[in-house]
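A.B. asks: Residues per chain are reported as follows:
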Amino acid sequence: MALRGVAVAAFIVFTTIIFLNIDPQIWGTQVLVTFAIETRNFISTILTVLSWLIGQILGLFFNLGQEEIIQIYEATNTYFAALGFGSVRSLDQAIPAFLSSLYFLGFQLLFLAAILAGILSLFRISGRLTSMCFVSMIGLAMLGAAAPSLAFLGTSTGFFGSAWSTDSFIFLNPEAFFTSTIFLVAIICYIYLEASYQVVYFHSLLEPPSIREEQLRRQLSRLRSDAEREVPVRRDEEIPVPKVLQRMLGSEAFRVMREVIEKKLLRREWLVELEEAHEIRRLNSFVDNLFRVDAEAELTLTARAATPSLSKMAVLSLFSTILRFAGIIIVAYLSFYPLFLIGSIAPSVIIESIDFQFLTEKIIILLLPLCLLFPLTATIISRLRQRGSQSEDTTSQSQL
Amino acid sequence: MFSERGRTVLLIGIFVLVGGFAFTNYFLTLLGIFLIVGSVVTSPYFQLTIPLESLLVSREIDKTNFFQGDFIHVKLVIKNTGRSRIDSIRIFDVYPDIFRLVLGKNDLVTRIDAGQTIKYSYILQGTLRGKYTIGPTKFQIHDRLEFRFEEISADNIDEILVYPSYQDARVMESLAAKRRMGYMFGIHRTRQRMGSEDFVGIRRFVSGDESRRIAWKAVARTQKLMVRQFETERNMRVFIILDCGDTMSAGKAENSKLEYAIRAALLLAKAAMERKDKVGLVAWSTSQETYLKPGLGEGHYYRLLDILAAIEAGGEFDLAAAVEFVASQVRQQSFFIILSDCEANRAQLEKGVKLIRGHKHNAVVIAPFGPWFEIEDIYLSPVERALGEAIIYKLLEERRTLSQSFRRIGVPIIDVGPGDILPTLLSEYLKAKKKGVAQI
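Residue numbers (numbering that gives the first Met the number 0), protein chains in the order written: chain A, 0 to 399; chain B, 0 to 439.
If you are wondering where the hints come from, they were derived from the structure by calculation, not from laboratory data. Remember, predicted model here, so these are calculated numbers, not experimental data. Just to be clear, a hint being listed does not mean it is correct.
Here are some, though not all, of the chain B residues that point toward chain A, as calculated from beta-carbon distances under 10 Å [as the list claims (entries may be wrong)]:
| id | residue |
| --- | --- |
| 1 | Phe14 |
| 2 | Tyr119 |
| 3 | Phe146 |
| 4 | Glu150 |
| 5 | Ser152 |
| 6 | Leu291 |
Quick list of simulated restraints, FRET-style, between CB atoms [what the hints assert, rightly or not]:
| id | chain 1 | residue 1 | chain 2 | residue 2 | range |
| --- | --- | --- | --- | --- | --- |
| 7 | B | Asp106 | A | Arg123 | 16 to 24 Å |
| 8 | A | Glu278 | B | Arg302 | 27 to 35 Å |
| 9 | B | Lys78 | A | Glu272 | 40 to 48 Å |
| 10 | B | Gly357 | A | Glu278 | 42 to 50 Å |
In this text, a Cβ means the ideal position worked out from N, Cα and C, and glycines have one as well.
Construct the entire structure; sequences and hints are all you get.
C.D. replies: Below you can see the structure in the form of structure tokens.
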């Protein structure tokens, strides 16, 4: 429950930050209408260009004069206009307008998807919903970050203000790093992911045993009630046969025919029912006998004994999560502030170079080896353990 | 290795990081780093906690040999003998597809602390005769966030043997009970002159009759030489030759000709042994050769059950080879009941039948007719039905010529379907018994 609270809080904080920081014009209520109009305008422009192209190509093939080409162009254009796609704008106006409406619509849809997936994941615990919500949040952040680069949007700063992407930030000291808005929002975003997956983990361990137990109880009670049920004898059941046949065949022949039909139609169904009832009774007596002979049978069938203790799980999870976070933050800081490690190793020519001083990509220098170090260590551990188990096998075989 | 979730987080991380570089946005860059590092940071610890040998698994099955349709209780006991806990483990016990899981579940998702033992169980129903294995137990180990997983498998495989259904034998036993109560008296008597058991009646004396059988009172009354006639039961030697070639397994597994033939063989053995007749079995094809010499008693019946349970269809039926083998093992006259669909090589079949007659044995072929078994419980469209009927006519024509050829040798072929294979087989056995063939 506490973890769920953390996840919800992180989600609310993140969506509020986005809502408050993004250019307000993005929240226009007419985005869908604007998108529809701009799409129509865009198609119209494309068709106008197409009409011009058709005129040019036909003129080239049939050796036509300029006037005839213009006539073709106008005729085609009129035809498209009749379909509702008249030329409105030039291409250099239509494309940015269309992309801008697409951007606003995409942003609103992503925001809606994030809110929807976030709310749904409150009621239905699912890793897929969490991932969906997180991807939507990331999508919003990416679109927000892209806004200042897209001049045609006409937005001032997009999602992130200047404080969010200052060039000098990368050279700040550790204290500035850990108290910066960028770090806090990024860690909140990551906390949402981590806490949501932890909730899924707890749910996957604690929920199935209770469902399993409930299911078994239901199955057993149904088994008991079905075992007591008697299958009705159907020999006397009558199938309606037209009376006209009785007149045609006579009473004795009619009786025999009725019996034949009844046997054919009812016997099969009745036998199936009888067999099912027999199976259920056998299973019931098997289960009764099992519970008599094996005292822990009911416990093992429900797997109740295998349910982990919640308090123990919570304490251990808290410790390991703290350790995990500490690891992630340290590695992130080292990668983000490479001078801390590289400063004493690399030659001053490299450190003082313009590339190293001003390019964001320098993060890769430490991030790549640091991140590869973990899988590499895991692979070494795995190989060593496998070799150890193989040598144990060989030893035990030679002893045999 | 990375799970789907782990891969997704890593890829999103890389994408966001690149986005951060592209837009010179440190928020995205930092988030990308968090995601990339978060997806790999625990991998060494996870690798250390994988219980390569520390997970001990034992499976307890309440019975390993049982009849088709019976239930078994499978219990798994798993102990983590290692020093580290397993945060998330999915245990999955493999059982044969043809079995039915009736209660409980064969998988479990849990967490196992160091030194902890967990138990869970499930109930299965064996739906088809045969030799099967339960296991191995497979483990899928995840880290807490399910970013990484590893699959390991224990080598705990248990063999189980499912005998053919005992239902027919139960019906048989109930009939036997009725017979004991006198409802079905005398259906398996053999008329034997000069026997010494039950009195049947009086008839005229013929040359060769023993003088001690003369019924003096009847002689006095009729003024003719009369003898008392007795009825006795003599035991016979029955050999079941079972075709276990490929063609016998066509159709649905539980409705195949082989399954019905095995049920019939089991029922016949039960009926014959109840009457103290010796029953032998030969299950023959180019891929398997199984022989059980004629015998009696409970032990013999269970041996027969074991063999019938383990039979698998494969190869081609070779009647001649089967008969040659039996002839080399048993010199005495026997009654052969051949359970075969007669779809194998015709020359081999004829050669086999001739060999039987050549060794002075009696035989009857009970031939499950393919189409009657294969289209049982299957919905066919009108076109399919018409095609099926055309095939049936063609097969019946072939069967008619084969039947004529066998009849000339003195071995009848009786075509049977799923509904009449059991009564036909029993009736042929009783007919032979009545005739007094292959007596011991």
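A.B. asks: Each hint should be assessed against the structure and marked as holding or not.
C.D. replies: Each hint tested on the structure:
1. Phe14: Status holds, d = 8 Å.
2. Tyr119: 4 Å, holds
3. Phe146: Hint holds; B:Phe146 Cβ to chain A Cβ min 8 Å, cut 10 Å.
4. Glu150: 13 Å, violated
5. Ser152: With Cβ-Cβ at 14 Å, over 10 Å, it is violated.
6. Leu291: 30 Å, violated
7. B:Asp106 with A:Arg123: 16 to 24 Å: 22 Å, holds
8. A:Glu278 with B:Arg302: 27 to 35 Å: Hint holds: Cβ distance 29 Å, inside 27 to 35 Å.
9. B:Lys78 with A:Glu272: 40 to 48 Å: Cβ of B:Lys78 to Cβ of A:Glu272: about 45 Å, so the range 40 to 48 Å holds.
10. B:Gly357 with A:Glu278: 42 to 50 Å: Holds - the Cβ-Cβ distance for B:Gly357 and A:Glu278, about 49 Å, lies within 42 to 50 Å.
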